[in-house]
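Visitor: Those protein sequence lines, which keep their order, are chains A and B.
Okay, so the first sequence: first residue is 1 according to the working numbering, each after it adds one.
Okay, so the second sequence: first residue is 1 according to the working numbering, each after it adds one.
Read the hints as simulated data drawn from the structure, not as lab findings.
Be aware that one or more of the hints could be misleading.
[As the list claims (entries may be wrong)] The calculated lysine-lysine pairs, modelled on PhoX-like cross-linking and capped at a C-alpha distance of 25 Å, are:
id	chain 1	residue 1	chain 2	residue 2
1	A	K290	A	K213
2	A	K145	A	K155
3	B	K216	B	K190
4	B	K190	B	K217
5	B	K86	A	K157
6	B	K86	A	K162
[As the list claims (entries may be wrong)] Covered stretches of chain B (in silico footprint by chain A; criterion: 3 or more residues with CB under 8 Å from a CB of chain A, positions within the stretch not fixed):
id	stretch
7	132-141
8	234-248
[To be verified] Ranges between beta-carbon positions, derived for each pair:
id	chain 1	residue 1	chain 2	residue 2	range
9	A	N164	B	A19	32 to 40 Å
10	A	P132	B	T223	27 to 35 Å
11	A	N225	B	S25	48 to 56 Å
12	B	D95	A	P132	26 to 34 Å
13	B	G42	A	S66	31 to 39 Å
Where a beta carbon is used, it is the ideal one built from N, C-alpha and C, also for glycine.
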Amino acid sequence: MKNLFAWLVVLSLVACADEDESPAVQFWQPDDFPPATYTFQNNPVTAPGFELGRMLFYDPVFSRDSTVSCANCHLQAVAFADPAHKISVGINDRIGTRNAPPIFNLAFKSNFFWDGGVNHIDFIPINAIVNPNELDQDIDVLISKLNKYNRYPQKFKDAFNKANIDSQQMLFALSQFMVMMVSANSRYDQYVNGNKSVLAEQEIRGLALVESKCTSCHTPPLFTNDGFANNGLDTEFTDRGRAIITESENDVGKFRVPTLRNVELTDPYMHDGRFRTLEQVLTHYQQGVKDSPTLDPLLKQNETPGIVLSDTEKADIIAFLKTLTDRSFTQDKRFANPFLP
Amino acid sequence: MLFMVAMTVFFTSCSEDDAAPETGSLAIEFDAYAGTQNLVLGTGVYQNSLDQDFSVDVLRYYISNIRLKRQDGTFYEDPMSEDGSKGYYLIDDSDAASTIVTLEDVPADHYIGAEFTIGVDANRVSQGAQTGALDPANNLFWSWNAGYIFVQLEGTSPQSNEEDDLILFHVGGYKTDVANPNLKNNIRVKSISFGGDEAHVSASAEPEIHVIVDIKKFFEGGTVVDFSTTAPCHSPTCGESIANNYVEAFVFDHMHQ
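Go ahead and model the full structure; you've got the sequences and the hints to work with.
Guide: Okay, here's the thing in structure tokens:
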């Protein structure tokens, strides 16, 4: 009996062997980050699934006319944000309505898009695929394209071992690729982890300023509280933001608090990409904040709306923000275009 | 040899008791009506309670979490699979086969009623991408406000002020948040009793329950819907009153034993 048991163990080990992943596709949960919220139990990351998601992300087969891929609007060099367009341009140069946010640390959040309309990573690509301003393609058309495309059926089989490709496998593969994108190795992180010499004095002064003026919204370690706020960009909002989802007047003009990680790279800034530089952003908080019924109370504490900042303080804050840049993430070969040599 | 032994052990551990309980199947037919007339998609012309003419081109909805009530008040629950391919049913009135939901492997018993969700429970949405009836390729999924459209009714009315006289009702919305009382949860659970009858499920008998879905009731009851002002309706807040109306539209009619 003992022997048999041993044999069964061996058998089950063999059966599970291909789930034993190489370290390259181990999900990284940084110690100081909140626990991941992604449903890994339904969609564990595997080497073939991750590689497939990577191909899909970079493949223009995704758009109706096969010209645009996810990577057109989400570039690794700038932390998967869109540097070129204030407002994203999809197929036929149609203009979308919002600026593409960067992609990283998604696995730790539960509100996606500027209005929080999507609350599961698996559902994010659906929006991009069917949106007439982005990829403009029916999901079933895309799935039948993938089923016919030489490149894919075998890769899907290796990853999910099902007879035919369906949308769940496509979405799972993209999620596997995107949840693996963790950015937690900036100079700031090294500083927090004990290497005090990596930040210069000005940067440390900037950190203290950010902690006193910004972190109730841009809360570390993710540098967002994953909530929604009106930070005073307008008095009237053509894009109603969070109110589109909650249908509440109390939420008009509130947008998801974006992360400040890699913010040096992710210009243009704000949901509509109105600011080109961090100087402009800081000048906005210093003297451009506009009052409206939903303006965040934190920005209403002085006679005039905004945050009290001197010009040196602005410079210190910007110096600090640049310590949140994580080149090991933007240069990580695992996330690079697999179609390039 | 060892392999065979291992296989035997494996199979033994998976099989159930030798005396497997008797099971059978039970069908529920969702029969769409407009008042007293059978709903005819496309060409049928009906009136709402404001006497506004309308026609219906598309009627699709999700039924899920079906439970059958035993005489002692306990329930048999239709099993749901991990990936959403079982236990969720997309009823499309243009596809007759989809309007009959057949539950298999139902324990033999006498059932006196049923309960089901009109829509898709929130727990399932929070599990991410699904297959089968819940595949977003079925186009009953809101991409901008991620979640399923529970009930889709589209058609025309001369009273509509939309282009091509369109009337469009997409009811969804499952999100709740204490901080946001405005988020609407439009998931509705319907209980029906078999009117004193019993459905006897056994290996040899497949009872069929007929449920009438009266689409005129979508537009009356708690809230009277005026097609000149309330079409299109495709957000959770707008859908709330329609959802409150349509729970009353699902009515037990009769059963075949």
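Visitor: Need the list of violated hint numbers for this structure, in ascending order.
Guide: none
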